[in-house]
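Start from chain E and add chain V according to the hints.
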Amino acid sequence: MDRRLAAVLALVLLAVPLAAQSPPLEVPYRMFRLANGMTVILHRDTSVPVVGVNVWYHVGSANEKPGRTGFAHLFEHLMFEGSKHVKEGEFDTLLEAAGGNNNGSTNNDRTNYIIDVPKNALELALFLESDRMGYLLDTMSPERVNGQRDVVKNERRQSYENRPYGQASIELDKMLWPANHPYNWPTIGYMEDLTAASHADVVEFFKKYYAPNNASLSIAGDIDLDATQKLVEKWFADVKGGPPVEPVAPPAAILSAVKKQTLKDRVQLPRLYLAWLTPRTYAPGDAALDMASAVLTGGKNSRLYKRLVYDTQIAQDVNAIQASGALGSSFQIVATARPGHTVEELQKAIDEELARLRREPPDKRELQRAINQTEANFYRRMERVGGFGGKADQLNSYFVSGGGPDYFAEDLARYTSLSPSDVQAAIIEWLPPDRRVELVVLPEEKK
Amino acid sequence: MRTLLFVIAAVATVGAQSAPDRGRPPQLGPAPQLNLPPIEKRVLANKLPVWIVESHEVPLVQVNLVVQAGTGNDPAGKFGLASLTAAMLDEGAGSRSALEIADAVEFLGADLSTTSSFDASAVRLNVPVARLQDALPLMADVAIRPTFPEAELNRLRQERLTAIIQAKDDPASVVPIAFARVVYGTTHRYGTPAMGTEATLKAFTTADLRRFHADAYQPANATLLVVGDVKPDAVLPLLEKQFGTWSAAAAARTSPLPQAPQLTQGQLYIVDKPEAPQSQIRIGWVGVPRSTPDYFPLQVLNTILGGSFTSRLNQNLREEHGYAYGAGSRFDMRLSAGPFFATAGVQADKTAEALQEFFNELNGVLKPIPAEELTKAKNYVALGFPSEFEAIDDLSSHLEEMVIYKLPDTYFSRYVDNVQAVTADAVQKVAATYIQPKKFAIVVVGDRKSIEPKIRALELAPIHAVSVEDVFADREIR
Numbered sequence: 022m023d024r025r026l027a028a029v030l031a032l033v034l035l036a037v038p039l040a041a042q043s044p045p046l047e048v049p050y051r052m053f054r055l056a057n058g059m060t061v062i063l064h065r066d067t068s069v070p071v072v073g074v075n076v077w078y079h080v081g082s083a084n085e086k087p088g089r090t091g092f093a094h095l096f097e098h099l100m101f102e103g104s105k106h107v108k109e110g111e112f113d114t115l116l117e118a119a120g121g122n123n124n125g126s127t128n129n130d131r132t133n134y135i136i137d138v139p140k141n142a143l144e145l146a147l148f149l150e151s152d153r154m155g156y157l158l159d160t161m162s163p164e165r166v167n168g169q170r171d172v173v174k175n176e177r178r179q180s181y182e183n184r185p186y187g188q189a190s191i192e193l194d195k196m197l198w199p200a201n202h203p204y205n206w207p208t209i210g211y212m213e214d215l216t217a218a219s220h221a222d223v224v225e226f227f228k229k230y231y232a233p234n235n236a237s238l239s240i241a242g243d244i245d246l247d248a249t250q251k252l253v254e255k256w257f258a259d260v261k262g263g264p265p266v267e268p269v270a271p272p273a274a275i276l277s278a279v280k281k282q283t284l285k286d287r288v289q290l291p292r293l294y295l296a297w298l299t300p301r302t303y304a305p306g307d308a309a310l311d312m313a314s315a316v317l318t319g320g321k322n323s324r325l326y327k328r329l330v331y332d333t334q335i336a337q338d339v340n341a342i343q344a345s346g347a348l349g350s351s352f353q354i355v356a357t358a359r360p361g362h363t364v365e366e367l368q369k370a371i372d373e374e375l376a377r378l379r380r381e382p383p384d385k386r387e388l389q390r391a392i393n394q395t396e397a398n399f400y401r402r403m404e405r406v407g408g409f410g411g412k413a414d415q416l417n418s419y420f421v422s423g424g425g426p427d428y429f430a431e432d433l434a435r436y437t438s439l440s441p442s443d444v445q446a447a448i449i450e451w452l453p454p455d456r457r458v459e460l461v462v463l464p465e466e467k468k
Numbered sequence: 086m087r088t089l090l091f092v093i094a095a096v097a098t099v100g101a102q103s104a105p106d107r108g109r110p111p112q113l114g115p116a117p118q119l120n121l122p123p124i125e126k127r128v129l130a131n132k133l134p135v136w137i138v139e140s141h142e143v144p145l146v147q148v149n150l151v152v153q154a155g156t157g158n159d160p161a162g163k164f165g166l167a168s169l170t171a172a173m174l175d176e177g178a179g180s181r182s183a184l185e186i187a188d189a190v191e192f193l194g195a196d197l198s199t200t201s202s203f204d205a206s207a208v209r210l211n212v213p214v215a216r217l218q219d220a221l222p223l224m225a226d227v228a229i230r231p232t233f234p235e236a237e238l239n240r241l242r243q244e245r246l247t248a249i250i251q252a253k254d255d256p257a258s259v260v261p262i263a264f265a266r267v268v269y270g271t272t273h274r275y276g277t278p279a280m281g282t283e284a285t286l287k288a289f290t291t292a293d294l295r296r297f298h299a300d301a302y303q304p305a306n307a308t309l310l311v312v313g314d315v316k317p318d319a320v321l322p323l324l325e326k327q328f329g330t331w332s333a334a335a336a337a338r339t340s341p342l343p344q345a346p347q348l349t350q351g352q353l354y355i356v357d358k359p360e361a362p363q364s365q366i367r368i369g370w371v372g373v374p375r376s377t378p379d380y381f382p383l384q385v386l387n388t389i390l391g392g393s394f395t396s397r398l399n400q401n402l403r404e405e406h407g408y409a410y411g412a413g414s415r416f417d418m419r420l421s422a423g424p425f426f427a428t429a430g431v432q433a434d435k436t437a438e439a440l441q442e443f444f445n446e447l448n449g450v451l452k453p454i455p456a457e458e459l460t461k462a463k464n465y466v467a468l469g470f471p472s473e474f475e476a477i478d479d480l481s482s483h484l485e486e487m488v489i490y491k492l493p494d495t496y497f498s499r500y501v502d503n504v505q506a507v508t509a510d511a512v513q514k515v516a517a518t519y520i521q522p523k524k525f526a527i528v529v530v531g532d533r534k535s536i537e538p539k540i541r542a543l544e545l546a547p548i549h550a551v552s553v554e555d556v557f558a559d560r561e562i563r
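Residue numbers (the working numbering), protein chains in the order written: chain E, 22 to 468; chain V, 86 to 563.
Note that these hints are calculated values from the structure, not bench results. Only a predicted model underlies this, so the values are computations on that prediction, with no experimental measurement involved. We put the beta carbon where it would ideally sit given N, CA and C, even for glycine. Errors might be hidden in some of the hints.
No farther apart than 25 Å at their CA atoms in a straight line, the calculated lysine-lysine pairs in the BS3-like style are these [said to hold, decoys possible]: (1) 285(E) / 253(V); (2) 261(E) / 251(E); (3) 534(V) / 467(E); (4) 126(V) / 326(V); (5) 253(V) / 467(E); (6) 229(E) / 321(E); (7) 452(V) / 326(V); (8) 108(E) / 140(E); (9) 327(E) / 534(V); (10) 534(V) / 285(E); (11) 385(E) / 285(E); (12) 126(V) / 321(E).
Partial list, derived from the structure: chain V residues whose beta carbon lies under 8 Å from chain E [unchecked claim]: (13) 104; (14) 254; (15) 361; (16) 393.
Chain E on its own, in the form it takes in the complex:
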């Protein structure tokens, strides 16, 4: 491991003379596999007496079947409702009484669960995680499914239906991905599919996707490595393995023309969405497009922010993002018009700036500014052990994406090794003007 790190650091220093003297970016870990197939990653950090326990199940909304969109996320909710040896409500009660917090999240590709506890409650967290991994179905009931179905429908109302522009991201994915591609439907699901989800679906989904061989457990914090390994073996050894999970095989996703659509919403300001299909996470082009988003909208001097928001003030906001996924990514530019201005004005200005970057690469300083910020952010991500985005979560994320848990330095090197012409090339290749989605949200007519 040391040799690999030294090599990467040398590369970093050569590429970034200005950001020299950065200490090594390294997260030492121990990794092992249980007989039931579950991978375990341990990392010791004693800065505060807290432990982050983090489980990734390698299943997301991309694994859903037609007519059951939103199911992976609904299932995530059911994981907190009790299991054979944990009565309904006890999962949260026991953790709160120990000073702990918990949460879960679902995206296209994975479902993750976090439990953050004071270090004396580590074993409690392992008991709870192992019990729902091994014995969730023993006490599952149609009533529990109904209860969380109502909660999830209200989550959908709160986060999408009652939120200005909330339907746009759902519509954008429908336009970007072919109907039979699993990124076509939203992780939150369609209302009618949430209504249709049944207890039988829960049983089938659990047996298919929630076995330990389809999960990885990462623990970071104030732990003793040997003692923690023994505790993990103690609590998870009786969880039975399941059949291997077939990887999702998506159909090809290609945009061959401009697709346009207009939505009406209860808003006063028009908003423009431009989107392209781009390389999946960690594939060549992915990091360059991250830096393209920074060059376009990262900070006051970025191309689009400066022109649309700062100089001409025709936009209230503009944001670009490379939204990376395991099966493919999308690059999105979103801008909201100021009162009295139109999406046509926004689109013309955005297209002119994209055309300029296709003709000539960004300045060296422009890219270096973005890289320096990215590098600093890697260190900022080293501070917390638990929660979403803490070290336990990141170790699991890197493991799942195939690079190994301590992929921090390699990941950073994806950015520090970029040149301005790499960013230009990515924009030329992946953000063409004639193959993309153009979605507009306009104010509803007053009634």
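Just chain V now, with coordinates in the frame of chain E:
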């Protein structure tokens, strides 16, 4: 391959030997003690206090200049001035323009923010420690020598006026603004958003900003907080150079905000949002200042009522009835008494049912709390406390709290004991004092046509219909 198989076999054996007893949850060992790092207190030549806390885990440093003047110090007729002044600090400072500042800061990998709250303003720098020396002059310019260019003021003004339009479109943004207006009215500073109103925003001049800055941003009114991978003796000369010559003008006299009059009888306001699929609800009145002697019993009370996932409001409205994605409550403690409120977004067709459940829980918490529930709440607050000191910005925000509310040095080291010392009697007493549901204001932002009839049938309080425009105007709606 053989080695791998061997390891797996060994693991399986270990697992089989100690098959876990799942009959009861594992016992917790003794709770860990949190050893807070010491605060090194120094003073610069101009008497500016500097507090330094070492934290060497990550090569970063956080430097916060806290200025003890915020939205609460906005002059009458100029609501929004503290917020706009803070936002304008990095729009031109020293010899640099807004664009030059942004470029320089970002190039260093730094994060420099300028912000204000009801009680204070702050300039916060987070930077790789190797770049601290380069970033501090930028921070000092922004905090001490802002130039407040006219063009930038006009740009931010338009940005904020547009943000008000956007807030009107969003029921989740309308509800706190409507609630504050109903509880505090137009005169008290807490009744109007920190950003101000359309009218005040249109009237601000660069002279207003300059005056507020000159009065409030002074070494006698500020504290410099440094947390991170630094040694006090090494960092102090850098701070002295950048902040030590900041001239100490006469300390500004800021008068404390008056205590807002308390509500005396329940009133219900429906803010109409036609076709909204959810209703945003907020219920409450004037709460307590941060200096309240009831701080710890109130923390425990609120944890039980609506301050945690297993709290009564969340269990009822989310887990039991499925009316909401989540529900909670909060005592927003400021220098003067901020609001207490219970809140949720509920599905439109269950608005009345949800309101009834809110009042069931608000009344229910007045009865004696079962011992087990009380212990759970105390443990949740006390045992989870160490995790609030993990990152350097956690530490620095706790230091800011100490400065702004003049908390004693031992405050955080005694916090856990103070929580555990809360008795059932104390919780019941503060509940009776601060939770008086009959006098609460109730604000519902939703589809009036469909929700009003069932709400009316509840006979909770007199009902007033209000428009979104009423909420944002400079006039009383109560």
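Hints, one by one, checked against the model:
no.	hint	verdict
1	285(E) / 253(V)	holds, 17 Å
2	261(E) / 251(E)	holds, 18 Å
3	534(V) / 467(E)	holds, 17 Å
4	126(V) / 326(V)	holds, 18 Å
5	253(V) / 467(E)	holds, 15 Å
6	229(E) / 321(E)	violated, 48 Å
7	452(V) / 326(V)	violated, 59 Å
8	108(E) / 140(E)	holds, 24 Å
9	327(E) / 534(V)	violated, 44 Å
10	534(V) / 285(E)	holds, 22 Å
11	385(E) / 285(E)	violated, 42 Å
12	126(V) / 321(E)	violated, 36 Å
13	104	holds, 6 Å
14	254	holds, 5 Å
15	361	holds, 6 Å
16	393	holds, 6 Å
Hint compliance for this structure: hints 6, 7, 9, 11, 12 are not met, and every other hint is.
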